[in-house]
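Starting from the given sequences, assemble the full structure and let the hints guide the process.
These protein sequence lines are chains A and B, in that order. Numbering follows my numbering, with no gaps: position 255 of the first sequence is 255. Numbering follows my numbering, with no gaps: position 106 of the second sequence is 106.
Because the hints were derived from the structure by calculation, they are not lab data. Do not take every clue at face value.
[Claimed, not checked] Below, simulated DSS-like cross-link-like pairs (lysine-lysine); rule was C-alpha separation at most 27 Å, straight line:
(1) K97(A) x K147(B)
(2) K130(B) x K198(A)
(3) K178(A) x K147(B)
(4) K178(B) x K147(B)
(5) K285(B) x K147(A)
(6) K147(A) x K218(A)
(7) K178(A) x K97(B)
(8) K221(B) x K130(B)
(9) K97(A) x K178(B)
(10) K198(B) x K98(A)
(11) K147(A) x K178(B)
(12) K147(B) x K173(A)
(13) K98(B) x K173(A)
(14) K147(A) x K198(B)
(15) K98(B) x K198(A)
(16) K173(B) x K147(A)
(17) K97(B) x K198(A)
(18) K277(B) x K198(A)
[Said to hold, decoys possible] Chain B is nowhere near these chain A residues, computed Cβ spacing over 10 Å in every case:
(19) L33
(20) R75
(21) A101
(22) N262
Heads up, the beta-carbon is just placed ideally off N, CA and C, and yes, glycines get one too.
Protein chains: 2
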Amino acid sequence: MATLTVPAGVPPVAEDCEQLRKAFTGWGTNEKLIIDILAHRDAAQRRAIRAAYAETYGEELLRALNDEIHGKFERAVIQWTLDPAERDAVLASEEAKKWHAGGRALVEIACTRTPAQLWAAKQAYHDRFKRSLEEDVAAHVTGDFRKLLVPLVSAYRYDGPEVNTSLAHSEAKILQAKIHDKAYGDEEIIRILTTRSKAQLLATFNSYNDQFSHPINKDLKEDPKDEYLATLRAIIRCFTCPDRYFEKIIRLAIGSIGTDENSLTRIITTRAEVDLKLIKEAYQKRNSVPLEKAVSKDTTRDYEDMLLALLGAEY
Amino acid sequence: MATLTVPAGVPPVAEDCEQLRKAFTGWGTNEKLIIDILAHRDAAQRRAIRAAYAETYGEELLRALNDEIHGKFERAVIQWTLDPAERDAVLASEEAKKWHAGGRALVEIACTRTPAQLWAAKQAYHDRFKRSLEEDVAAHVTGDFRKLLVPLVSAYRYDGPEVNTSLAHSEAKILQAKIHDKAYGDEEIIRILTTRSKAQLLATFNSYNDQFSHPINKDLKEDPKDEYLATLRAIIRCFTCPDRYFEKIIRLAIGSIGTDENSLTRIITTRAEVDLKLIKEAYQKRNSVPLEKAVSKDTTRDYEDMLLALLGAEY
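Encoded structure:
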């Protein structure tokens, strides 16, 4: 369900490197060439290009990109070129250090990656920052958000399909009781959301729906402006309907006065190799307009071209 | 610093399997032969024996051991034969499910293994129990202990040598202030102990000592019978002086009225391939008697022989 398109006859890595080098040298930068190559190579191919480029030219590809291109285009190209685990580490670090209640990168990384992918991101975090993701989140996030987000990024959840239905039933009851008491920051809510496996949580939310006749997220909307409640809902949606969750992030990023490029870039670069096709379908369904068209209307020039390439637009 | 002794000419795996099979069949079980083989093979060799045994005889070696031997001898042999990560998973699961305030297996596994070893134990936990260590600890442990132990087993700490000395200084101050206020369960104490790297924590405890003229553990002794404080001290000792920490566990296990075989077996089987030589030295120094002699005095028969073999006693 990826949107990434890789041409049938991918050139040898050495040729990609040579072309990129050409794009950087001479009169001005050839942005189109950068997009033509990098936006149409998968993670393994980009990794090989980075390694070969560093070996051939004695300079990191990311450093060269950093010198040659700028602004939101630079951010999109670099974020995309990074390995998925490295990219998650960078996004998580940025958000942890400048943490604000509306941030969603940590929630997305903790809840939409597989446990193995989350662990790979934590390893990449160690390698790159010489610290752990957990300690940075714990040191920078405060209050109820800290109580929620530290365990959320820490736990190595079970990834199997096994479900304990009686546990789902009883934990749905616990969640309902705490929510009914407006004890949204209660330890038990946090314990359940941050430690149970995805399969178990889906069973719990289904049981909630069955027992109380409406979805749990409906009960978490008491105050629509409460960012903590919004974070709880985001966690639940990341597990239950990631495509619709991501569609909404993109919709709000585009729809706001002044595009929220960081969110838009984050979703497109992190999902292009995963499920961006599903997100596009959800977008079309919800907004009656193709996502490419909406992105094109809201962005310009090289940045626009880069996003459209990742969205799989014909070119 | 291991005590495990592996003979110079280890027989081929097939021969070890055949000998074990012989030990199980015929008139009675040949316990000596079981010890001679398994207690003198390293983790990789034991893994190979288990795989070959299952393939040759269509039965798990651990199942055969389970049928043939019993009681504390069985427990010691099986615990030892397990892979280190699997063994940690089993010990952690046992303690999580029958959790009591004096339990130390979770603390030891979280604080004396490397971050990579802890992660391997969590993977083994998934494979074996179809659940996560985090969720079992969170579901069974309660109160202040839960607030401490869940993050303790969850965090994937940074493992490098880098230390931020000004951070060590400021976090030592935070620890002292909270301890001074007797706020032992405070979030900040838990945050620091459960997320910082080992190197960073050692720097913090050193800074504590420098700034306040005595070790942090001295300030955590207000009530010697308080098990929560004892757990905090155990965590700190597992980081600062694991050999002396383990020495004390063994000393208390042997010294009590009625030997605490579970603790004794746990320490010997988990440390024989790691640092049991250092623990033996610490024991001799503290008790003026060799550990082998003390163990021999307090245990009998096959169980005694198994522990002595793992302790590297000449035979």
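Each hint, compared with the structure:
1. K97(A) x K147(B): Holds, at roughly 24 Å.
2. K130(B) x K198(A): holds, 13 Å
3. K178(A) x K147(B): Holds, at about 18 Å.
4. K178(B) x K147(B): With Cα atoms ~16 Å apart, K178(B) and K147(B) stay inside 27 Å; holds.
5. K285(B) x K147(A): Judged against 27 Å, a Cα distance of about 44 Å means the pair is violated.
6. K147(A) x K218(A): Holds, at about 23 Å.
7. K178(A) x K97(B): holds, 25 Å
8. K221(B) x K130(B): Answer violated: K221(B) to K130(B) is near 39 Å, above 27 Å.
9. K97(A) x K178(B): Distance of about 25 Å is within 27 Å: holds.
10. K198(B) x K98(A): Measuring from Cα to Cα gives roughly 26 Å; hence the hint holds.
11. K147(A) x K178(B): Answer holds: K147(A) to K178(B) is near 18 Å, not above 27 Å.
12. K147(B) x K173(A): Between K147(B) and K173(A) the Cα gap is close to 22 Å, so the pair holds against 27 Å.
13. K98(B) x K173(A): holds, 24 Å
14. K147(A) x K198(B): With a Cα-Cα distance of about 23 Å, the restraint between K147(A) and K198(B) holds, given a limit of 27 Å.
15. K98(B) x K198(A): Cα-Cα ~26 Å, so holds.
16. K173(B) x K147(A): holds, 22 Å
17. K97(B) x K198(A): Distance of about 22 Å is within 27 Å: holds.
18. K277(B) x K198(A): At roughly 44 Å apart (the allowed maximum being 27 Å), K198(A) and K277(B) break the hint.
19. L33: holds, 39 Å
20. R75: holds, 27 Å
21. A101: Consistent with the label, A101(A) stays out of reach of chain B, its closest Cβ about 18 Å off (over 10 Å).
22. N262: holds, 26 Å
Hint compliance for this structure: hints 5, 8 and 18 are broken, all remaining hints hold.
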